[in-house]
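Q: Sequence:
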Amino acid sequence: MKAKVLKSKIANRLKRKRRIRAKISGCASLPRVSVFRSNRYLSVQAIDDATATTLCALNSKAIAQKANKEGAAALGAAFAATLKTANISEIVFDRNGYQYHGVIAAFGDALRANEIKF
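Residues are numbered in the working numbering as their position in the sequence shown, beginning at 1, plus a constant of 3.
Incorrect hints may appear among the rest.
Listed next, the in silico SDA-like pairs over lysine to any residue satisfying Cα-Cα at most 25 angstroms (straight line) [stated by the list, open to error]:
hint, residue 1, residue 2
1, Lys18, Arg40
2, Lys69, Lys26
3, Lys18, Ala83
4, Lys87, Ala67
5, Lys87, Arg115
6, Lys87, Arg35
7, Lys26, Asn71
8, Lys7, Lys18
9, Lys120, Ala83
10, Lys120, Asn71
Please keep in mind that the hints were generated in silico from the structure rather than gathered at the bench. Note that the coordinates shown come from a computational prediction; the quantities given were computed from them, not determined experimentally.
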């Protein structure tokens, strides 16, 4: 991919991210779950925006999974268990500018399947 095209793709995702973040926010009782997707791994964290702290975090490298749909489903199940131990049953989902499709959708469906509401 040419450098100019890659730059514009990243810039467009960041614009979408800023537009989404202007509308959503998390608190201690209803944290924002942010997803970061790279080519190799997925990383998720539950964030309390009121105090700017991370309540819990997990990445696919820690559970030996890759950034595919199966890995996202496994990460979603593991993260749901982590959220339940922190007594969190409802979240605000931040897709971080990515389309709710493929890996991101598989992660979200795994959270819903494990009784996390958003």
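Q: Could you run down the list of hints and mark each one as holding or not?
A: How the hints compare with the structure:
1. Lys18 - Arg40: Given that 25 angstroms is the threshold and the Cα spacing comes to 16 angstroms, the pair holds.
2. Lys69 - Lys26: 30 angstroms, violated
3. Lys18 - Ala83: 29 angstroms, violated
4. Lys87 - Ala67: Cα-Cα ~21 angstroms, so holds.
5. Lys87 - Arg115: 13 angstroms, holds
6. Lys87 - Arg35: 15 angstroms, holds
7. Lys26 - Asn71: 28 angstroms, violated
8. Lys7 - Lys18: 16 angstroms, holds
9. Lys120 - Ala83: 10 angstroms, holds
10. Lys120 - Asn71: 23 angstroms, holds
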